[in-house]
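K.L.:
Here is what each chain is made of, one letter per residue.
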Amino acid sequence: MKLVVGGYSQGKLNYVLQKINTDNYSVFDGIIPDDAQLQETFAQKKKVIIHRFHNWVKARISQDGNPEEEILLFIQKSPEVILISDETGNGIVPVDAFEREYRERTGRILVELAKRADEVVRVICGIGQKIK
Amino acid sequence: MILIIGGSGSGKSACAEEYAAALSEDSRRYYIATMRVNNNEGQAKVERHKRMRRDKGFNTIEQPVAIEKVMDIIGLSRATESTALLECMSNLVANEMFSGAAPKSREEVTEKIIQGINQLSKGFKNLVVVTNNVFEDGIIYDETTMSYIKAMGIINEKLAAMADKVLEVVVGIPVVVKEGK
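Quick note, the sequences are listed as chains A and B, same order.
Sequential numbering of the first sequence, starting at 1, is according to the working numbering.
Sequential numbering of the second sequence, starting at 1001, is according to the working numbering.
Extracted from the complex, chain B is given alone in its bound form (with noise of 0.2 Å):
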């Protein structure tokens, strides 16, 4: 598994899409896309985002919670001989925490989200996450965006300990930060 890290407008997901269709070679990939669209921007994003990935040959599945159900819809046999980036961490923190009625515990959220991923690295021949730089904007927020960022941070630290390699995307360079095997 590799985790690619950066902040917004730091060029993360076209260094991510290299990555894993690099990684993938031949092979089938899949796009797992966590972002949920409510909104023109949101769709503007949305587009900009496919018409990156068109030409990459990328398979869209939208999971913008419960990202182990991946493995039901995709089935262990295909996912073993394919290649999966998952875009991004953020979004997907944000809507399990915030998807009920009441804010979800950074406890709950942080269990279910490793789970998941731990289940789509097993099943995946490759596996790409990306994440995002929400930590050095200085500004302290109400407790429950707090909470939300601690969550990321706790689950950042997670994958970045399961991961084989990570990259931190500055201004579009990708620096190591993890090299592994």
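So that you can see chain A by itself, here it is in the shape it has in the complex (with noise of 0.2 Å):
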């Protein structure tokens, strides 16, 4: 599993993007592919990538889901997917306690999804910095 963190609107796709050989990757947008779509992607010979991967954090908290085993057991499935994600707690800490959870909560799963992937790139400008 590779992680790719930054902040909004820094080209951490497009990083990601040049990096590969689109013709094997799907990219899913904010949400991770049930067991249909992933069987879909492998028969296809392709690899997963997650983006906007904070979205679907998002949408798991609102939703009373588990995020953080949910995205544990997806990457069993999916070991070598390459997840891409906003940092969010580089603000102010928010007024409204869900919008003060989900940056939390997503804060945290980052940091346990760093200490399972293989490589770490912090992106800005467009520009990755390998930092694992």
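Be aware that one or more of the hints could be misleading.
[Stated by the list, open to error] PhoX-like mimics (lysine-lysine), calculated; alpha carbons at most 25 Å apart, straight line: (1) K1158(B) <-> K1122(B); (2) K1150(B) <-> K1104(B); (3) K1165(B) <-> K130(A); (4) K46(A) <-> K19(A); (5) K115(A) <-> K1056(B); (6) K45(A) <-> K19(A); (7) K1050(B) <-> K1125(B); (8) K1165(B) <-> K1125(B); (9) K132(A) <-> K47(A); (10) K1178(B) <-> K130(A); (11) K1165(B) <-> K132(A); (12) K115(A) <-> K1165(B); (13) K1158(B) <-> K1178(B); (14) K1122(B) <-> K1165(B); (15) K1104(B) <-> K1069(B); (16) K19(A) <-> K115(A); (17) K19(A) <-> K47(A); (18) K2(A) <-> K77(A); (19) K115(A) <-> K1178(B); (20) K1045(B) <-> K115(A); (21) K132(A) <-> K1178(B); (22) K115(A) <-> K77(A); (23) K2(A) <-> K132(A); (24) K47(A) <-> K130(A); (25) K1158(B) <-> K1112(B); (26) K2(A) <-> K45(A); (27) K1050(B) <-> K115(A).
Calculated directly from the structure, the hints in this document are not laboratory data.
Keep in mind it's a predicted model, so treat the numbers as computed, not measured.
Build the complex: two chains, separate frames, hints provided.
P.N.:
Set out below in structure tokens:
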């Protein structure tokens, strides 16, 4: 698993797409593919890119899901996934409780994913810095 | 002095504790807690941090304002043999700025906090300071909040100039921003 993080609008997806052969990957935007989608992707001999991973985390929190466990299960099924996520914690702590929870939990999930990742890249101005 | 900066949920606390524990070796460890607890969420945060610190041997001092008073509590002779971890600057600045009837000016707050950190930095054998990246959400807040953000920025700048080493924690990974001695 590879993790790519950075601020909003920093060219993270473009950075990833430049590094890979795009014929070999399917991009999912703000969602995690379900088992059927995953099998279809694998049947086409493709690997998975999750773009805007933070949007999926936010959706699962608002649906009372368990994104912490669900993403770890997904990684077992798709160990070569590339996850792209905004860094959400670099601001004033929001007054709104849900926004606060979303930022905090997204941050903690990214820390856990970074521990498990083979490679972590931080992108700024479209340029990637490999930090792990 | 080591300055550690990160966003919320970045893993900066765990990283700071590891650094402080490693620096202190077998000497005494103090944790200077600046957060004021006034609700359940705050309490849960404190409990989570306490669990994280339990096995790392930190003595906790709660000092939500006037951090220089820590020197009176511990005493210089003990401090010179000890390592202190101060967490975190965002709460300290908010407490200093907003504790009175009216918000204090950012100049006054900045001056007071830098002086306090100076005393701790001179007094302790090792000092680790945790601060926050509150600068990148792109939102224009009310004047008071913008003044708070500006104070945080100025304080971080001064702390970074004083620090031997500055680390930014990104998804739990320390990235060196300033590498001193």
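K.L.:
Against this structure, judge whether each hint is valid.
P.N.:
Each hint tested on the structure:
1. K1158(B) <-> K1122(B): holds, 15 Å
2. K1150(B) <-> K1104(B): holds, 13 Å
3. K1165(B) <-> K130(A): With Cα atoms ~20 Å apart, K1165(B) and K130(A) stay inside 25 Å; holds.
4. K46(A) <-> K19(A): Since the Cα atoms of K46(A) and K19(A) sit roughly 15 Å apart, the hinted pair holds (cutoff 25 Å).
5. K115(A) <-> K1056(B): Holds: K115(A) and K1056(B) sit about 21 Å apart, inside 25 Å.
6. K45(A) <-> K19(A): holds, 18 Å
7. K1050(B) <-> K1125(B): holds, 23 Å
8. K1165(B) <-> K1125(B): Holds, because 15 Å separates the two Cα atoms, which is no more than 25 Å.
9. K132(A) <-> K47(A): Holds - the C-alpha atoms of K47(A) and K132(A) are around 21 Å apart, at most 25 Å.
10. K1178(B) <-> K130(A): Measuring from Cα to Cα gives roughly 17 Å; hence the hint holds.
11. K1165(B) <-> K132(A): Given pair K1165(B), K132(A) holds - Cα atoms ~20 Å apart, limit 25 Å.
12. K115(A) <-> K1165(B): holds, 23 Å
13. K1158(B) <-> K1178(B): The given pair, whose Cα atoms are some 13 Å apart, holds under the 25 Å limit.
14. K1122(B) <-> K1165(B): holds, 16 Å
15. K1104(B) <-> K1069(B): Judged against 25 Å, a Cα distance of about 20 Å means the pair holds.
16. K19(A) <-> K115(A): holds, 22 Å
17. K19(A) <-> K47(A): holds, 14 Å
18. K2(A) <-> K77(A): holds, 14 Å
19. K115(A) <-> K1178(B): holds, 24 Å
20. K1045(B) <-> K115(A): Satisfied, since the Cα-Cα distance of roughly 22 Å is no more than 25 Å.
21. K132(A) <-> K1178(B): It holds: about 18 Å lies between the C-alpha atoms, which stays within 25 Å.
22. K115(A) <-> K77(A): holds, 18 Å
23. K2(A) <-> K132(A): Holds - the C-alpha atoms of K132(A) and K2(A) are around 10 Å apart, at most 25 Å.
24. K47(A) <-> K130(A): holds, 21 Å
25. K1158(B) <-> K1112(B): holds, 12 Å
26. K2(A) <-> K45(A): This hinted pair holds, its Cα atoms lying about 18 Å apart.
27. K1050(B) <-> K115(A): Distance ~22 Å between K1050(B) and K115(A) Cα, so the pair holds.
Hint compliance for this structure: every hint is met.
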